[in-house]
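Visitor: Take a look at the letters that make up each chain.
There are 6 protein chains.
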Amino acid sequence: MKKIRDLVVDDTFEMFVLIKQADVRLAKNGKKFIAFTFQDGSGNIDGKFWGATEDEIERYKAGKVVFLNGKREVYQNTPQVKIIKLRLATEEEPYQAELYMEKSPVQKEDLAEEINQTIFEITNATWNRIVRHLLVEHQTAFYEYPAAKNFHHAFVGGLAVHTVSMLRIAKSLCKEYPALNASLLYSGVLLHDLGKVIELSGPIGTEYTLAGNLLGHIVIVDEEISKACVALKIDEQSEDVIVLKHMILAHHGQLDYGSPVRPRIMEAEVLHQIDNIDASMQMMMGALEQVEPGQYTNALFGMDGRRFYRPNSK
Amino acid sequence: MKKIRDLVVDDTFEMFVLIKQADVRLAKNGKKFIAFTFQDGSGNIDGKFWGATEDEIERYKAGKVVFLNGKREVYQNTPQVKIIKLRLATEEEPYQAELYMEKSPVQKEDLAEEINQTIFEITNATWNRIVRHLLVEHQTAFYEYPAAKNFHHAFVGGLAVHTVSMLRIAKSLCKEYPALNASLLYSGVLLHDLGKVIELSGPIGTEYTLAGNLLGHIVIVDEEISKACVALKIDEQSEDVIVLKHMILAHHGQLDYGSPVRPRIMEAEVLHQIDNIDASMQMMMGALEQVEPGQYTNALFGMDGRRFYRPNSK
Amino acid sequence: MKKIRDLVVDDTFEMFVLIKQADVRLAKNGKKFIAFTFQDGSGNIDGKFWGATEDEIERYKAGKVVFLNGKREVYQNTPQVKIIKLRLATEEEPYQAELYMEKSPVQKEDLAEEINQTIFEITNATWNRIVRHLLVEHQTAFYEYPAAKNFHHAFVGGLAVHTVSMLRIAKSLCKEYPALNASLLYSGVLLHDLGKVIELSGPIGTEYTLAGNLLGHIVIVDEEISKACVALKIDEQSEDVIVLKHMILAHHGQLDYGSPVRPRIMEAEVLHQIDNIDASMQMMMGALEQVEPGQYTNALFGMDGRRFYRPNSK
Amino acid sequence: MKKIRDLVVDDTFEMFVLIKQADVRLAKNGKKFIAFTFQDGSGNIDGKFWGATEDEIERYKAGKVVFLNGKREVYQNTPQVKIIKLRLATEEEPYQAELYMEKSPVQKEDLAEEINQTIFEITNATWNRIVRHLLVEHQTAFYEYPAAKNFHHAFVGGLAVHTVSMLRIAKSLCKEYPALNASLLYSGVLLHDLGKVIELSGPIGTEYTLAGNLLGHIVIVDEEISKACVALKIDEQSEDVIVLKHMILAHHGQLDYGSPVRPRIMEAEVLHQIDNIDASMQMMMGALEQVEPGQYTNALFGMDGRRFYRPNSK
Amino acid sequence: MKKIRDLVVDDTFEMFVLIKQADVRLAKNGKKFIAFTFQDGSGNIDGKFWGATEDEIERYKAGKVVFLNGKREVYQNTPQVKIIKLRLATEEEPYQAELYMEKSPVQKEDLAEEINQTIFEITNATWNRIVRHLLVEHQTAFYEYPAAKNFHHAFVGGLAVHTVSMLRIAKSLCKEYPALNASLLYSGVLLHDLGKVIELSGPIGTEYTLAGNLLGHIVIVDEEISKACVALKIDEQSEDVIVLKHMILAHHGQLDYGSPVRPRIMEAEVLHQIDNIDASMQMMMGALEQVEPGQYTNALFGMDGRRFYRPNSK
Amino acid sequence: MKKIRDLVVDDTFEMFVLIKQADVRLAKNGKKFIAFTFQDGSGNIDGKFWGATEDEIERYKAGKVVFLNGKREVYQNTPQVKIIKLRLATEEEPYQAELYMEKSPVQKEDLAEEINQTIFEITNATWNRIVRHLLVEHQTAFYEYPAAKNFHHAFVGGLAVHTVSMLRIAKSLCKEYPALNASLLYSGVLLHDLGKVIELSGPIGTEYTLAGNLLGHIVIVDEEISKACVALKIDEQSEDVIVLKHMILAHHGQLDYGSPVRPRIMEAEVLHQIDNIDASMQMMMGALEQVEPGQYTNALFGMDGRRFYRPNSK
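Residue numbers (the UniProt record's numbering), protein chains in the order written: chain A, 1 to 314; chain B, 1 to 314; chain C, 1 to 314; chain D, 1 to 314; chain E, 1 to 314; chain F, 1 to 314.
So that you can see chain A by itself, here it is in the shape it has in the complex (with noise of 0.2 Å):
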């Protein structure tokens, strides 16, 4: 059976796809449509359904897995597949949403071992206590969502993946510059994207909540670490404790980015730079790996909309 990544425009076709979004919208004519992403192995296509019955949003939900009969058409440039039938996968047929996944690239045993390592080597004990009580009662979560909605790390386990990477720089870093308070960097790493976990509904078919529209992840891991302290009775004012917070707040490094505060600790600036990094990596490697050696990639939106070159000097 062909893959999404094989259609070619006009094919007409008929596959089972993960619903990866599905966007309940009003048409200007007062009628719902659903405009969808469907998903497999192979890659993303969207497609519209139009005149959508109550009954029908509330079958065709993000995260189901559904037989499609499709044409592949071309709109402003993008693939998009018009939808001619849709129906539920059945039990009898491959309906796990899993099977139409990115995977990551690494096993998440070796990602939480090399986590609780670093764990160890936070000597400061409120950092190490907030730390380790965070990452317990969102641990479930940590290692199985992504890292953001779409641009890096946008597959299962990608909030761990790009949380020990960032890891992995700052201990070099730390080795490079020993006036850095590793204690206070590995926390600030390790709990950064923390807030994901609430902002995102989950690894498949992944939305902003409204707690993610309207808080913002770097908030929730904020209030996450007062909730913290009461239950592990901290005192809230300690200095400790708002160095830790200011680490999270300050992540975005400017406040047109979503920091409410600018970094003021040199660490919080480091942590910035290291997430940038790391983020930028993983977008760049992305796009290149998709073009031949002497072509440029699409304009890419988090690098503002740089193309970038793939050389053929080695």
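These are computed hints drawn from the structure, not numbers from a lab.
Treat the hints with caution; some may be incorrect.
All copies of an identical chain are treated as equivalent in the list; a pair is satisfied when it fits inside any one copy or across any two copies.
Stated by the list, open to error - In silico DSSO-like links for lysine-lysine, alpha-carbon gap of 30 Å or less:
| no. | residue 1 | residue 2 |
| --- | --- | --- |
| 1 | K85 | K103 |
| 2 | K31 | K2 |
| 3 | K175 | K3 |
| 4 | K64 | K3 |
Once you've looked at the hints, dock chains B, C, D, E and F against the given chain A.
Guide: Coordinates of chains B, C, D, E and F only, in the frame set by chain A:
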């Protein structure tokens, strides 16, 4: 005895004054000095105390009343005092800080009554309980703190005065636009700047605290709401709570002004606009009072450096 | 007979509609086409008329009622109509433009009374005479024009409705801040958008006029005041006149938004803020009405592209 | 007798000087002081007059010649004078302001002839009549005013000199690009800065007037054209008039620089560029004259703070 | 036979056209397609060639003449051609690219004479030798290349036409401002865009080269001067050379527009302004020619998206 | 004998110091003065030398050691010295500049070894030859120059220290992201700031050269590579060369920071990020060293004016 505002260039004088600010700085020669702001009922004046010992730094803190022997000079267009001699006021002398501070134009009791009245109009139980809980918890500070270190409402009780002015505007807008959710808007007004009681050090010798500098008052209120939910057993993931928090987080209107999210519910946008109006009215009125009709004020920092004209026209 | 908002994709239909806009453009092949917006009470829809002759361009102007035979399609996520046949409505048919336009929510008489009442409260003779003179001169248009081509108050009578809403807010602010000069603020509110009656072509088929595009409504009112001074023999160099003109010129608040000067008197700053509130309230209320609780609006162009959330919370 | 530019630090001196500016300010101690700029043919120097009485403020206005006994000091890298004694020059002494002012490099008669010649080349009757009308009305001021308070062409007659330089560039551009409408471009050049005769107080002791501060010279010319139309019975809604006004309104090129509309006809864009060239040439030439080859000028405020290099190369 | 500009929507046609651009892109299905721009004397039209083989990619390169059988459609408001059949023109057919290209309005010989004449006026030996050396080296390309891929002077020979227009303006400015160093200014004009002969691929099927994308034409000229110094044994650290290079490097005026330094000598600032004038004149004239008096042009990308009005006034 | 950092306000002193900077400026009275920065091992101090003769200007150049008799004062919050007497140190006295300069924390030999080691790892022959050629050519200067006039690594040998720190980070990133081309990244690191040896005047009395001001170090390296290609007979249009130049040209990351192109290959983006990290680490560490735990640094110009907090937390 002369007051600060009576001093003329080259006057040598002796008077009791309150230390409003006492910033210890490191001069480039490695010695410490104290950058003082002195205050009496009539005005402020700055003065530097060179080569301060640890002992003197400990003794001359913000909030202390001192007997100052000095000479009125001018430095960079600003009056300043050359400190000749300095000592703490004794208990036989007028040593109470309150004697030297600017007074609020409104009685605390009147403010409290208006606020309590408004709380009755918050008909949503979640918001009502959270607002009540937090105002009770920070009751004393709320009626004593200024609304800012400098700029607008920078006097004892300024925070409550600012809050009540905004409530009145909120009420007239709710009348004009019935689509506004009054309960939500009032809750937002009441809590929006409450974080100042943690961001600032207090009504006397007001400084930013470490939490103020590294977290900021916006995030501080958000944390307070999270902890109130724990205490009151309110589900933090409920829409009621998320929406209330959003009011606070978005009230600076722009990411650039320190809000981690922009207003995305109507009442949050309105809260931001009301805050703007009251803060700018206070700055403009304060500056215009000091000039004659037909003159311009000084450049107002909080109003993008504009100099405002006071018309003769009536 | 179906209304525009009832049409579903692929519907073929016949109906009477008003031509709201009819932009003649040059296609790259050198032929002209008309980009129509059609309107009935229920909504708008766009459609292109390819290869229009001079005759047809002359015949199908904005403001005409036509009988339209078309097919409802979708183009770039927006409904549009493919025009099958088109002819002017005859006098035997419902051919009056008024039948197809959005109605103001308020009666013209009520608006006029409230405005006239306010003029009495302008106690400065210069301002009173100028305001009265200009409102009389543009009386008819003032009560018929919309306040904008799109965005807020874009309906017949919208300009007067917007003006009256702002007057009410102005009055409550004058009560809260007695330092405001009420005569000046009311004069500013009454005149601030009067230039729209020259900037825009009229209530039906609203377009920008040449003066609208090349001068803008702000400068147009300023000129009107100059000419009123000539007619009324008021000294244009008097402070009264300069200050009134400044109110108008500065009311967009920022140079970037088309004001040639920023507000430098207190009432001008306040006028700008009131204008902001009423315009944004109108845009938010309009958009939120069209979605259900728990949903987001479309991106609002006039609100920096934000999508607003309509809470379930009450 | 020494001139201002000959004074060395610590010189005590007596000389006749013209008061170029006399800003009365309120010191923070509530007393008034006068911030003087003194001028003779050779240069300017600032000095503060502390504790000025109403009488002295009245006596020492900009435009008066005074006998100054002072000491040359330095303040913030800028020469300044400590005022020891000050009195008005008597009629027996060289008391005429003209003796102390910078002279225009060109004769008024030559400028006038070149301008009148150009008016003949404006073949559009509407523009010709309006230009002629306004230049006659403001004739005296037009040939005496500077083109700016500081920066470029800040000398007696500077406005006319600036205008004529621009006319010459305009003529060579019309020759190179025959598509330009010369009548329109020359009309724009002749009127573009005429508002300065109302924006500024005059050639001596130049200050911004109230109209200058609150309306600005751009809008002032626009009003003058409106009134000229009334006087000349020209239809203000005709395209000729709208287009001419647009030239003036758009000539700062950007909203940010105070134009309420951006250039949208070709001649308006060109007018803006010519204005730019002549203003920046004047600033650069003025600054480069004061340094030797191989040196840099001071930072030029009107050129974004750049310091320009004067090459040795020829 | 019809020309491109005569085609009407839905026309099916056959004609010879030149391939102006042929971008090979990877569709999301992994197949390649060619995004063509076809050109004849009368205009351009785009068309996509789906599922192109390596063979076809090799065959249909920019610069080739093809026989095209297609259908004229519209996509996103832009005419485009649906490609029905395509083959290379044979040598029996009109297969020469030159037949299908826009012509320069000026003769190459006239341009060359004017340029050579100007070189005589460069009296500084260093600049004269460098200019002469580089113009000789790139002689052929200099008179054939366009000045830009799109926007202004985008025709064969456009680079030389642009250079000569600028020379003329430079000459009239040198007459008006004798303080300008004419040798330096002319040298700057002659070399400023010479890097385009390396930045762009050529007059036919113009594309950015790799050097164009990764280095840019500004830096390329700078390198050329460095190498000319080596060849001519001119000391690269001499002021003459540094100043000449600065002219080139600074000619975009702003860092934001790709100049690595801002103009810091007077002639560099003027060079930037002249470049601006000629480029914008060319864009405005080109667009205004295509509309009737009383109409607006399309939004001009190179002029910040402004639509220009063509007046009826004369 | 006292050192600069021991001086207290009002101290009168005599000591040997090195002239670090000696800017000759024109005072407004037409006389020249020298703005000195003096330096000894312990710190810097500024002082002005009024009314300098040509002779004195010639004698007291940056790099000379002088015997200074002065008084320690304060001006605008900055220590400065009032110069009482000044003479050159004689050869009997400690007159060698090296005695008064800040030392690099690392040995030149260690740096050289690490760099030479790295060159072996550049396996691409073109890059290897160019890097080797240029490092040999500028060998002496490379190990002596600072990396900047002020800000980061502003000490003898700072350029090499900065380069080596960056190399180490580059290596750990290559390990973490094997997709990076290590040869290219190391080549970029080694050459990126080499232009400083021409941009700056030298390790003593560091000033910007004319080439530094008018061309900038980024373009200077680019030229050096061009000339190296000539010398080594490497084809300058080869991708290897273009890509290497791009690394240098893009390394400031943004046009606004002086890069004529933005990074468009992955290694160029990474080079920019590494440069950022090392420069900001150096600035933050330098400033934090000077304050106690619990204090804030001064505003750091190179870090957008932020004041950094040094935590007590460990």
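Visitor: Taking the hints in turn, state whether each one holds.
Guide: Verification of the supplied hints:
Taking the shortest alpha-carbon separations for K85 and K103, only the intra-copy value of 28 Å comes in at or below 30 Å, while the best inter-copy value is 43 Å. In this homomeric assembly, K31 and K2 come within 30 Å of each other (Cα to Cα) only across copies, at 15 Å, whereas the closest approach inside a single copy is 33 Å. With identical chains, the CA atoms of K175 and K3 are never at most 30 Å apart, being 47 Å at best within one copy and 34 Å at best between copies. In the homo-oligomer, the alpha carbons of K64 and K3 lie at most 30 Å apart inside one protomer (18 Å), although the nearest pairing across protomers, at 37 Å, exceeds that limit.
The structure does not agree with numbered hint 3 stated previously, though it agrees with all others.
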